[in-house]
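Visitor: The lines below spell out each chain.
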Amino acid sequence: MNLQTKPVEPRHALRFQFRGREVALERFSPRRTVLDWLREDERATGTKEGCAEGDCGACTVVLARLRGGRLTYEAVNACILLLGQLDGMELITVEDLADGDTLHPVQQAMVDHHGSQCGFCTPGIVMSLFAAYHSGAPATTASLCDQLAGNLCRCTGYRPILTAGLATCNGAPNDRFAATAEQRADALGALADEADLFVGDESQFFAAPASLDSLAALYERFPDATLVAGATDVGLWITKQLRDLKRVIGLGRVAGLDAIVNKPEAPLSLGAGVTLLEGSPLLRAIHPDLGEVMRRFGSVQVRVSGTVGGNIANGSPIGDLAPALMALGGSVVLRKGAATRKLRLEDFFIAYGKQDRAPGEFVLAVEAPRLAERQQYRAFKVSKRFDEDISAVMMAVRLDLEGRRVAAAQIAFGGMAATPKRAASAEKALIGASLDDPASWRAACAALSSDFTPLSDQRASAGYRMAVAANLVERALIEIAGASAPTRIGDLHAAE
Amino acid sequence: MPPNDVAELAAPTSVVHKPLPHDSARLHVQGSAAYVDDIREPDGTLHVAIGMADRACGVLTSLDLSEVRAAPGVVAVLTAADIPGKNDIAPVFADEPLLADTEVMFHGQSVFAVVARNRDQARRAARLAKIDIDEQPPSVTVADALKTGARVQDDYAFARGDAKAAIDAAAHRLEGQFSIGGQEHFYLEGQASLAIPGEGDEMTVHASSQDPTETQHIVARVLGVPDAFVTVETRRMGGGFGGKESQACTWAALAALAARITGHPCKVRLDRDDDFILTGKRHDFRADWRVGYDDRGVVAGYDVMLNARCGCSADLSPGVVDRAMFHAGNGYWLPHASIGSQRLKTNTVSNTAFRGFGGPQGMIAIERAMDAIARERGLDPLDVRKANLLRTGFEQTPYGQTVEDFETQAAIIEDLEATSDYRARRKRIAAFNATSPIIKRGIALTPVMFGISFTLIPLNQAGALVHVYSDGSIHLNHGGTEMGQGLFTKVAQIVAEEFGVPLHFVRITATNTAKVPNASPTAASSGTDLNGMAAKIAAGAIKQRMAAFLAEHWGVPVEAVEFRDGFAFAGNHSMKFDALAKACRVARVQLSHAGHYKTPEIHWDRAKAQGRPFFYFAYGAACSEVAIDTLTGEMRVLRSDLLHDVGASINPAIDIGQVEGAFIQGVGWLTTEELVYDAKGRLTTHAPATYKIPVASDAPPIFNTRLHNRANPTPSIYRSKAVGEPPLMLAISVYSAILDAVHATNPKGPPKLEAPCTPESILNAIQSLNGAA
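If you read the sequences in order, they're chains A and B. Once you know that position 362 of the first sequence is 362 in this note's numbering, the rest is easy, because the numbers rise by one and skip nothing. Once you know that position 345 of the second sequence is 345 in this note's numbering, the rest is easy, because the numbers rise by one and skip nothing.
For the record, the hints were derived by calculation from the structure and aren't laboratory data. None of these values were measured; they are calculated from a predicted model. Glycine is no exception: its CB is placed at the ideal position from the N, C-alpha and C atoms. Mixed in with the good hints there might be a few duds.
Below, a sample of chain A positions facing chain B; criterion: calculated Cβ distance under 8 Å [unchecked claim]: (1) Ala52; (2) Asp55; (3) Ala98; (4) Leu227; (5) Thr340; (6) Arg341; (7) Leu343; (8) Ile350; (9) Phe386; (10) Asp387; (11) Ser449; (12) Ser450; (13) Met466; (14) Val468.
Here's a subset of chain A near chain B, in silico, CB distances under 10 Å, partners left out [unchecked claim]: (15) Phe120; (16) Leu191; (17) Gly200; (18) Tyr464.
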């Protein structure tokens with residue numbers, strides 16, 4: 001008797017909840033965005049396009065979904081979210097909030113506190129505040145600045161918007177959504193299945209495999225398909241480069257890709273599908289600087305969607321996670337077919353746009369070692385704007401100390417080369433340096449010029465990058481040596 | 001004439017002077033306020049995308065559009081040859097085509113347009129063209145333009161006395177060159193127009209435009225039809241800031257051209273990156289200044305050359321650079337002054353209006369000089385500023401206008417100096433800096449004096465159309481446009497006040513060239529001053545007729561009739577407003593009126609540089625504190641206190657919003673917003689990923705804003721003052737505070753700090769000081 005379970009038949013219709021009904025779509029372009037679907041197909045024009053690249057937040061919508069059995073509300077950018085990624089979720093837009101003539105509390109607060117002027121960013125702001133309203137925690141100015149970092153407003157100067165958020169987001173939601181949470185969770189539960197989603201045909205499809213085995217098999221079969229986790233980068237290939245993506249594999253439904261292994265004596269392992277937001281507190285627990293780097297990573301909309309694996313696999317020279325983890329001694333786990341392999345992060349990045357990843361191979365997980373007692377770590381991000389900006393220079397350093405001497409150093413940079421890269425000469429020059437003798441640090445700072453030949457671009461000049469790279473190493477050493485005067489501008493800002 | 005309390009000059013009111021919400025606030029928060037792209041498209045609407053030049057300078061030698069024409073969904077491809085009227089979209093000088101014909105003027109210039117079934121098809125097809133350009137080396141920067149000598153307009157200067165002699169004779173002298181960056185408007189709603197062809201030559205255009213009248217003229221010019229065949233309508237914009245004044249006309253004209261050629265409704269909505277590349281920005285300047293002064297820092301002579309990078313055509317630069325000159329003295333008495341300007345032509349997109357219209361660039365140059373004087377003298381910069389303010393007996397601007405309420409600025413500065421605790425904080429900051437080698441703090445308190453009126457005198461007029469219907473409801477229309485600034489709300493308040501009815505009686509309607517013709521752009525902060533007056537005149541005329549009817553009906557003198565609380569009263573008589581409207585109709589009283597207003601007293605002779613270009617001035621002051629990181633140049637604004645003069649505010653809630661919003665926009669201009677052009681003239685910061693406007697955490701954690709709410713001594717509408725632009729310049733306090741912090745790293749040297757103060761600019765300033773030490 002064959003006890004093996006019968007393979008579940010693939011499903012050929014995208015399913016999600018929208019305005020109290022189930023939407024099932026059997027035909028759509030794999031590159032259709034949620035925003036275009038809303039505005040062009042549904043003629044729901046409340047959600048606006050401001051930039052079509054996930055930076056301005058005018059298109060913010062909220063996805064309600066079950067995470068660990070709990071109904072969560074996450075603000076995302078509809079402009080770079082692919083329609084197929086909605087599978088199994090509830091899509092909530094600005095038109096859904098008011099109850100007849102009664103505005104939602106966050107809407108009413110925006111009116112009462114004069115939070116809208118031209119009104120074009122307002123639907124996105126309202127949706128971000130709606131997500132904050134349902135976050136389960138009372139808002140603070142700092143939490144709202146975080147929540148709204150991905151919502152540009154050009155009119156108000158934000159003060160009235162923050163006031164509106166503080167007035168309503170008290171951690172105890174009392175709206176129609178809270179009242180119907182149970183039935184909406186049931187509706188989402190009914191959508192959850194273990195079937196692979198496959199919409200289209202072999203020439204053009206949107207697929208969302210439900211298991212690692214299905215993903216591995218599908219990707220081996222279609223190695224030219226585009227893997228999409230959060231679409232925070234791939235979305236721009238579509239909206240800006242107008243790439244005609246024909247075969248898209250969404251990773252959002254793959255069971256096990258979001259696995260987290262968090263055991264005290266082992267490195268932290270984050271599945272490739274773990275979002276930047278989920279990974280943030282776990283990384284913060286390794287070192288607060290990692291948490292701060294994650295907090296300044298894109299915006300909430302980007303961190304909700306973007307994944308740990310995506311940020312690494314993407315291979316960008318300016319991704320913040322790679323240097324931050326490289327200095328820690330992090331590694332990446334890859335899978336192709338049934339085979340997995342693990343390599344050090346620095347070995348994964350070969351050249352600009354080229355990683356050590358075979359056709360059909362995908363990032364399975366990223367590992368971040370914990371710090372030993374004699375190890376010190378610092379990570380600094382420098383960008384033109386403090387929040388929601390791409391780094392001009394990103395530096396992370398781990399020092400292994402013997403008393404007050406440096407026994408070993410791992411220093412990694414983003415923004416300084418065509419890939420995230422270790423500073424081998426500087427690391428070597430730092431060995432033996434004394435924390436009590438700043439003169440002994442200079443060789444390391446100077447050695448950076450043999451490690452890197454940065455570019456000048458719109459974010460910074462080569463000269464600035466080199467100067468700041470050295471100064472960041474110096475700052476790390478000043479802090480580790482024990483500074484009495486303030487070393488961080490952000491602390492001063494937060495104290496006000 | 002000194003400022004008076006609101007009560008003395010302004011009568012008691014029930015709608016005006018109240019902090020009422022924006023008329024569209026409830027719609028905004030529900031996503032139901034419609035912008036151009038939200039209007040339901042008529043059946044068969046086609047979409048237009050732009051084909052852009054990939055060189056900044058040269059001659060178009062061939063244009064192969066065969067692949068574009070063959071692309072899926074393409075209905076038509078338009079070039080300069082398809083334009084039935086004039087290929088000219090320039091507002092002033094006829095120097096800029098809609099579609100490039102032979103000469104390529106900037107990288108990204110529109111060369112052709114694709115009309116397709118949907119927007120995606122149009123965008124894809126537009127990338128298939130083969131454009132050959134015989135490339136010449138482009139002139140990109142101020143330095144390039146000074147080398148080529150190219151201008152979009154003749155140089156212009158005015159002077160008082162002999163600045164050179166005064167500076168040479170002064171006890172102390174300083175000079176400097178100061179680069180001031182430009183700014184992208186980044187209105188959240190990109191440029192958009194929907195053109196709907198009518199019968200014959202008629203064309204209706206829904207445009208996101210601050211200037212429907214100019215849009216109408218340019219559409220008519222491009223189509224080669226009389227203005228009367230073209231109607232332009234604008235309900236609201238998702239932000240304008242000057243970027244939809246001349247710049248909106250282009251896309252309306254292109255949509256109309258496509259609609260004329262295809263016979264279908266056609267829509268242009270620019271992608272954000274294209275919008276950055278295709279539309280003009282705030283002018284970047286290099287100010288070359290020289291100043292002579294005495295031991296106390298009192299200026300004897302100021303000589304400034306304002307080098308303005310205007311881009312490839314004149315556009316609105318003549319007015320922008322003139323306004324920079326008018327504000328080159330801010331609110332200071334300059335006994336001898338020489339204010340020069342060069343209007344530089346480069347192979348970059350034509351720079352245009354942007355909130356402040358040149359004023360900020362002129363003003364920050366002299367504020368930079370004030371800081372330099374203070375450093376050199378070892379004085380508190382605030383004391384140098386105060387010593388130089390316009391004062392009794394010294395009440396004239398460098399262009400000879402007497403400033404009537406100059407005392408207001410001293411009063412504002414005194415108030416803010418006390419309420420911001422400026423002196424004590426300066427001491428605390430000095431103590432902090434003494435023990436903090438890496439992080440340095442700085443503080444500054446800077447004033448603003450901004451002239452109100454269009455400096456092009458004919459623009460200082462407005463029209464309004466008011467109807468009272470027989471149910472008492474009121475239809476309001478005027479030539480001003482709503483871009484978020486609350487103009488429609490304020491004008492509706494004025495009309496409701498006039499009729500003595502609650503605000504909800506007044507129905508605000510979209511700006512439309514068929515209702516109010518020959519309007520001026522909504523610009524120069526003048527929207528409420530001009531349109532509010534015109535609407536009050538229109539409503540007043542109708543009210544007068546209603547009163548005359550009642551006087552006869554009740555047998556009372558006409559002056560006894562009063563309108564308030566939704567009623568008309570006279571003695572023991574009363575009638576509800578709706579009943580009155582009905583009665584007037586029955587009695588054949590005209591209940592509609594077109595009001596017109598022109599600003600009195602202003603005149604300006606540009607050739608002689610004489611006159612009174614401004615009806616009045618608006619004042620403000622700001623005190624900002626910053627911290628900088630001397631290792632990276634990173635900067636945070638820690639606190640800002642703003643005090644701004646809005647006269648007797650028509651709507652204090654809206655005015656506070658204008659002040660705060662303008663300040664943060666100005667902070668962006670001077671800090672994180674950097675426009676980078678490469679050597680080939682390509683804009684490399686063409687999207688929010690690379691061009692960084694302020695986000696929520698950039699608002700200072702301590703942010704206090706107050707209105708200096710005292711009646712305008714000049715008889716403006718309800719004694720209010722214009723508010724759109726002036727508070728942007730409050731952000732100069734942040735620049736000066738950064739300079740103060742940089743100075744703290746090395747008090748000996750002269751800090752050289754260019755704007756915008758990006759981390760790199762600040763680090764350069766610190767390093768330049770150390771080099772100088």
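Visitor: It remains to establish, for every hint, whether it holds in the given structure.
Guide: Taking the hints in turn, this is what the structure says about them:
1. Ala52: holds, 6 Å
2. Asp55: holds, 4 Å
3. Ala98: Status holds, d = 5 Å.
4. Leu227: violated, 22 Å
5. Thr340: Violated, about 34 Å.
6. Arg341: Given a least distance of 34 Å, the restraint on Arg341 (chain A) is violated.
7. Leu343: violated, 30 Å
8. Ile350: violated, 25 Å
9. Phe386: holds, 6 Å
10. Asp387: At 5 Å from the nearest chain B Cβ, Asp387 (chain A) passes the 8 Å test, so the hint holds.
11. Ser449: Check failed: Cβ of Ser449 (chain A) comes no nearer than 16 Å to chain B, outside 8 Å.
12. Ser450: Cβ of Ser450 (chain A) sits 21 Å from chain B, so the hint is violated.
13. Met466: This interface hint is violated because 11 Å lies over the 8 Å limit.
14. Val468: Holds. Min distance 5 Å.
15. Phe120: With a closest approach of 3 Å, the Phe120 (chain A) hint holds.
16. Leu191: violated, 25 Å
17. Gly200: Hint on Gly200 (chain A): violated, closest Cβ of chain B at ~18 Å, above 10 Å.
18. Tyr464: Holds: closest Cβ of chain B sits about 4 Å from Tyr464 (chain A), inside 10 Å.
Hint violations for this structure: numbers 4, 5, 6, 7, 8, 11, 12, 13, 16 and 17, all remaining hints satisfied.
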